[in-house]
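Chains C, Y and H with the ligands: place on chain D using the hints.
Protein chains in written order, with this note's numbering: chain D, 1 to 329; chain C, 330 to 658; chain Y, 659 to 988; chain H, 989 to 1318.
One or more hints might be untrue.
Said to hold, decoys possible - To list a few chain Y residues with every Cβ distance to chain D over 12 Å, as calculated:
#1 N667
#2 F668
#3 R685
#4 D693
#5 Q719
#6 K744
#7 S854
#8 D890
#9 K892
#10 H904
#11 V908
#12 K928
#13 K929
#14 D953
#15 T960
#16 P974
Said to hold, decoys possible - Covered by chain H, per the in silico footprint, the following chain Y stretches (three or more residues, Cβ under 8 Å):
#17 810 to 816
#18 855 to 867
Said to hold, decoys possible - Here are the simulated lysine to aspartate or glutamate pairs, EDC-like style, with alpha carbons at most 16 Å apart:
#19 D:K283 x C:E609
#20 Y:K860 x H:D1187
#21 D:K283 x C:D605
#22 Y:K939 x Y:D951
#23 C:K612 x D:D276
#24 D:K23 x Y:D798
#25 D:K304 x H:D1310
#26 C:K352 x H:D1128
#27 D:K20 x D:E185
#28 D:K304 x H:D1307
#29 Y:K744 x Y:E958
#30 Y:K692 x Y:E911
#31 C:K612 x D:E280
#32 C:K633 x Y:D977
#33 D:K45 x D:E12
#34 D:K283 x D:D201
#35 C:K633 x Y:D980
#36 C:K332 x C:E506
#37 H:K1190 x Y:D857
#38 C:K548 x C:D527
Since the hints were made in silico from the structure, they are not lab data. Ideal Cβ placement from N, Cα and C applies to all residues, glycine included.
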Amino acid sequence: MAKKRMIQAINETLDSEMAKDPKIVLFGEDVEISLFGDTVGLKDKHGAHRVRNMPISETVMSGMAVGAAAAGYKVVCHMMFGNFMYTGFDSIANQASKLRYMTAGQISLPIVYMSVFGGGRSAAAQHSDAMHPMFMNLGGIKVALPATPADAAGLLRASIHDPNPVVFLQAAGRGGESGEVPDGEVIFELGKAATVHDGDDVTMVAIGAMVRPALRAAKRLAEDGIGVDLIDPRTMVPLDTEAILSSVRRTGRLVVVDEARDLCSAASHVAAVCADQCFEALKAPIKRVTVPDLAMPYSPPLEKALLPNEGSISATVRDLLGKPAGVEA
Amino acid sequence: MAKKRMIQAINETLDSEMAKDPKIVLFGEDVEISLFGDTVGLKDKHGAHRVRNMPISETVMSGMAVGAAAAGYKVVCHMMFGNFMYTGFDSIANQASKLRYMTAGQISLPIVYMSVFGGGRSAAAQHSDAMHPMFMNLGGIKVALPATPADAAGLLRASIHDPNPVVFLQAAGRGGESGEVPDGEVIFELGKAATVHDGDDVTMVAIGAMVRPALRAAKRLAEDGIGVDLIDPRTMVPLDTEAILSSVRRTGRLVVVDEARDLCSAASHVAAVCADQCFEALKAPIKRVTVPDLAMPYSPPLEKALLPNEGSISATVRDLLGKPAGVEA
Amino acid sequence: MTSSGADTNFSNEQMLGFYRDMLRIRRVEEQLGKDSLAGNLPGAVHLYIGQEAVGVGICSQLRDDDWIASNHRGHGHFLAKGGDTKLLVAEVYGRKTGICRGHGGSMHVADFSKGIIGANGIVGAGISITTGAAWAAQLDGNGAVGVAFFGDGAANQGVLCEALNVSTLWKLPVIFVCENNGFSEFSPYSTVTSGSIADRAKPYGAAHETIDGNDLIEVWQCAARAIRRARDGKGPTLIEARTYRHSGHVVGEHTFLSGTYRSEEEVEQKKAGDPIPAFAKRILEAGQASQADLDRIDAEITAEVAEAVAFAEESPYPDPADQGAGYMFA
Amino acid sequence: MTSSGADTNFSNEQMLGFYRDMLRIRRVEEQLGKDSLAGNLPGAVHLYIGQEAVGVGICSQLRDDDWIASNHRGHGHFLAKGGDTKLLVAEVYGRKTGICRGHGGSMHVADFSKGIIGANGIVGAGISITTGAAWAAQLDGNGAVGVAFFGDGAANQGVLCEALNVSTLWKLPVIFVCENNGFSEFSPYSTVTSGSIADRAKPYGAAHETIDGNDLIEVWQCAARAIRRARDGKGPTLIEARTYRHSGHVVGEHTFLSGTYRSEEEVEQKKAGDPIPAFAKRILEAGQASQADLDRIDAEITAEVAEAVAFAEESPYPDPADQGAGYMFA
Ligand SMILES: Cc1ncc(C[n+]2csc(CCOP(=O)(O)OP(=O)(O)O)c2C)c(N)n1
Ligand SMILES: Cc1ncc(C[n+]2csc(CCOP(=O)(O)OP(=O)(O)O)c2C)c(N)n1
Ligand SMILES: [Mg+2]
Ligand SMILES: [Mg+2]
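In isolation and in its complexed conformation, chain D is listed as follows:
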């Protein structure tokens, strides 16, 4: 175990995987100098042919990833901000997600499309979307959302090993956060949720960056005798529905916390799955704590008001249980 920043955990994982497997290549805009620091030093270590800066050309970039993967490479395609994936969206949505299926499995496409995503840093509307629901709906793309440095290492390694396209979305502005990362080659199976807090009163599913405020809320609620079973799905495709369902079957209540806009959010889907598959166990309405259907604003008080936080998460749980807080409510 060692304390590491998320960026560092990502960087080390890329480094150790590239060292082991010469078929791994990494490209993107300014990956050599590295805007976020996640790809820093990799060119010097692994060579200019394997770590390459791209022109600002997301359309050809996302498609090159498909071609290079089809031709036998394991491709890490760094898209910088998730919103820039819209610019290179065709090759993700029409090609990467469908090519294996259309050819009846003739090939696999080991691609990791990575970027930061989400709000919280006054980066404004065009740098702050949480677009994982869009990828989830494509069908042929796995979606990984690490909440901690350890998750980042374990999920990125699994994403690189995975023979399929994976969108690896790292919460913007969380790169600097520290957390314990196990020594050695930590790897977390894609599709395996983690229970990050135990409790019997309500199941909470929190996605990506939302795990942190959710955990804070869970700890605080525990002090007041409210038991939150907090599940981090870690990947939304594949989704560990069993972990969620078995918790809800036990608690009878569900709150989903998601940084996506509400309409067709991942929260909606988790809610829908439970409203279908463990309806009998439900004792209360399924609650979503999500972002209103707005673009992300720039000014801090505006942005802060839109994002789920410990307060809004706690309040939702307390409401659900009919236990308003003394001070907080």
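Chains C, Y and H with the ligands alone, transformed into the frame defined by chain D:
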């Protein structure tokens, strides 16, 4: 009232609106000759400057729509197939959906992005996605999905009048279907659902092309004494949640039929809203009849097996009510 | 440039091989066109008829480990690169025995074992995919190249310029082959395309040539230069091959289009440039084969097509149980 | 081309106006740079310092009903096109009194009443938007034009070529202004950009010029030709204005970047080409004003900036209740 094909209803609506409002312009690939027939004749009637063929350049096209709308025009941007919106996705997702909000309402963007979408014609994976959930999640885009020729006329007229970007998605291969269209300028408020079949046992929400098999199922089930309250939301943004909730509060049961892939589908969202807002009324699990999380295949038996149809819809209702059909089950 | 008699370099066998390869595409396409018109095919079909010299002139000198990507009009490229006739026809028929087991169809025929990344339903998409495959080839260092086939309409997708820029910078072994058949769907070239397509390589410093795409030998020679350049690490080439699409954009368009976008006269006149009879004439005039040889080839090809159709017709449709997660995720 | 003394055409007043407009941008940017480094601004800030001659040379001859769209480095264009200093500064401060009431921030400053469609966070996005606005202007028939400002990095987005194609075909009154400042974020020009950017207009037959973007008069004259062409219905022009970005890509980059991407010497050498002192020198040498005049302008601008900062600092942050459906949908 007159029987019209959907394509004809769309064409006549475009024609009559363009005749009234010289600020309406229409452009897209081959809109002059018109692949689907929906824009046929409009150039001759309204002039080459208002009805223009585009080069195959979706990226600039979707952005030109934003610029022309910002500069005062009402823009109908024909994207042909919904999957091609991925190619021009940046200007829809990062610009059209956000520009008004980012500028605190300085402008409005009256744009209709129109295309066909969905499966059923062996057009294969890259011409058959049902991508309305993706647009629903963007926040700043209205989404209209006509189920009948009358809906097409009424929703398209409202979409053109609307000062905001609207994605108008017409079910592929449904253009030839006939239906009664009221005389005169039919217009349906965006955000107003229609109840297309009455019943007390189960609420069914069917979206776009799914209304037709859902209605067939509802009629057939009625013969067996099962009452389906069938709601066509007509637009998914804005969503007439009140219409849905009040029906579910009465029936206590909900089945949602959607041509989108299941994960983060519109069906998931409708289910989530009801699992939250009318939980107490629910007597049974909320069911979704959707498309599996696969790319759309080419061969007819494969495609047919993926799409919701009368049989799968009826079976879902019967299962839910514990009333298996004699023959069908 | 012209081929100026350089075809004397080809043996009789080679010349007949080219002829056979073009004719195979022609006859398969004629068959599929008929089938489509008769309503026997599930989806839309875009015919390559008239453009055969481009696909064959180029693919005939590619290796199995060279990559090609194609567009919606992709049967010809599939066959030219060594794709199997039966597997193609069965796929377009939507059968389980098709190259994609009926999952892809006409617009998605692919055979990775032959370096055929596949046809594509998205105009221009093959350009970026091929650029990536060429990067892989460069990394492999085995001299393989990538060839992207696309139309004049596709040349208006910005991705072409993005690809020209990055492939020139990286000296990628990639060849961009624009088959300028005069139409972007139903729009004549000059209504949607400004200037010359080959010129679009110039600002990037990429090699470029405009050729008569109906002259197989000229195509072959130009491709030879481009392939050499690519294998030698000298970067991309943009080839604009001028040709003509004899059939409509999509089979059956006359049944639903409200008007016409080209005159009968134009079509007839352009058909005079048909690459196949021209090539037959060249063979005969050079004395490289007799009419009987050509007829024999035609008979063989006709039999091959008939066999493929029979194979497809006898093949079952795929079982829905046959699709699913196995093809979606590896 | 050079300006060859043609600046004698400008009155003293005009020359001082240009100077004032450039200096306003410079001083505002210096202030915002300081504020950002001090951690007083919510989001990232990209400074226009060094490039002022481009924005001012062009926008100074645009009308209010001409459209401009800009990029992430958009404060200069906003001010040059007549945007208000206070409203800009308050916006970047995230205040309720900002031009976008704090909803947009540095990368999204826009003022539609002045024809400023806005800065943009997506590299290249303004190109298509401006093309559409130019189409609207053409339809209006009032002689208005659209001007898109973008960088050398943005020129590698395929949308530029798509826009050149369609605007040439439609003869749209649009001007594409590439401010080539030598860097695409942290990548020097030649590592990511092949050939010359102005040349990219050639294959489409669009007008194009390469100019010294640090010479306001040269910029003005070139823009005058392009605007004339546009207003006369003769179609688009691509202008490549060679300039240099004095500051980093983003304020504070030295605090987080692991390395450097340009040398101190290069920066110092390039700063010698600073358009503002050069223009001051020209004014003084031509006897169009005295140093005292210039100093007075500087003092006025400095006061204007101070006033804007005070205005911003006194302004409240927007109330979360102030956002919502009203801004999202009309
Ligand atoms: C991104 C995208 N836009 C539009 C289409 C519809 N479409 C299919 S083929 C075609 C015309 C293509 O013209 P060209 O590239 O010249 O190829 P050709 O058909 O002439 O072989 C169009 C517009 C598409 N398939 N994909
Ligand atoms: C589509 C997209 N890709 C990448 C980025 C990240 N980014 C912001 S500015 C920039 C560099 C732009 O370079 P250039 O166009 O030359 O403008 P300059 O910064 O030099 O003014 C990059 C890569 C972005 N904002 N949008
Ligand atoms: Mg063509
Ligand atoms: Mg630059």
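Quick rundown of the hints versus the structure:
1. N667: holds (32 Å)
2. F668: Holds, because the least Cβ-Cβ distance between F668 of chain Y and chain D comes to about 31 Å, which exceeds 12 Å.
3. R685: Answer for R685 of chain Y: holds, closest chain D Cβ roughly 25 Å.
4. D693: D693 of chain Y clear of chain D: closest Cβ-Cβ about 21 Å, beyond 12 Å.
5. Q719: holds (19 Å)
6. K744: holds (16 Å)
7. S854: Its Cβ never comes within 12 Å of chain D, the nearest being 22 Å, so this holds.
8. D890: holds (17 Å)
9. K892: holds (17 Å)
10. H904: Holds, since 28 Å exceeds 12 Å.
11. V908: The assertion about V908 of chain Y holds, with a minimum of 19 Å to chain D.
12. K928: At roughly 32 Å from the nearest Cβ of chain D, K928 of chain Y sits farther out than 12 Å, so the non-interface label holds.
13. K929: holds (33 Å)
14. D953: holds (37 Å)
15. T960: holds (29 Å)
16. P974: holds (15 Å)
17. 810 to 816: It holds, with 3 qualifying residues against the three required.
18. 855 to 867: Held - the region 855 to 867 of chain Y has 8 residues with a Cβ nearer than 8 Å to chain H, which meets the minimum of three.
19. D:K283 x C:E609: The hint holds at about 9 Å.
20. Y:K860 x H:D1187: holds (8 Å)
21. D:K283 x C:D605: With a Cα-Cα distance of about 12 Å, the restraint between K283 of chain D and D605 of chain C holds, given a limit of 16 Å.
22. Y:K939 x Y:D951: Holds. K939 of chain Y to D951 of chain Y sits at ~13 Å (cutoff 16 Å).
23. C:K612 x D:D276: holds (12 Å)
24. D:K23 x Y:D798: holds (9 Å)
25. D:K304 x H:D1310: holds (13 Å)
26. C:K352 x H:D1128: holds (9 Å)
27. D:K20 x D:E185: Roughly 12 Å separates the two Cα atoms, so the pair holds.
28. D:K304 x H:D1307: holds (11 Å)
29. Y:K744 x Y:E958: Roughly 14 Å between the alpha carbons, so the hint for K744 of chain Y and E958 of chain Y holds.
30. Y:K692 x Y:E911: holds (13 Å)
31. C:K612 x D:E280: Distance ~9 Å between K612 of chain C and E280 of chain D Cα, so the pair holds.
32. C:K633 x Y:D977: Satisfied, since the Cα-Cα distance of roughly 11 Å is no more than 16 Å.
33. D:K45 x D:E12: holds (12 Å)
34. D:K283 x D:D201: OK: K283 of chain D and D201 of chain D at ~10 Å, within 16 Å.
35. C:K633 x Y:D980: Holds, because 13 Å separates the two Cα atoms, which is no more than 16 Å.
36. C:K332 x C:E506: holds (10 Å)
37. H:K1190 x Y:D857: holds (8 Å)
38. C:K548 x C:D527: holds (10 Å)
Against the hints set out earlier in the document, no violation occurs for any number.
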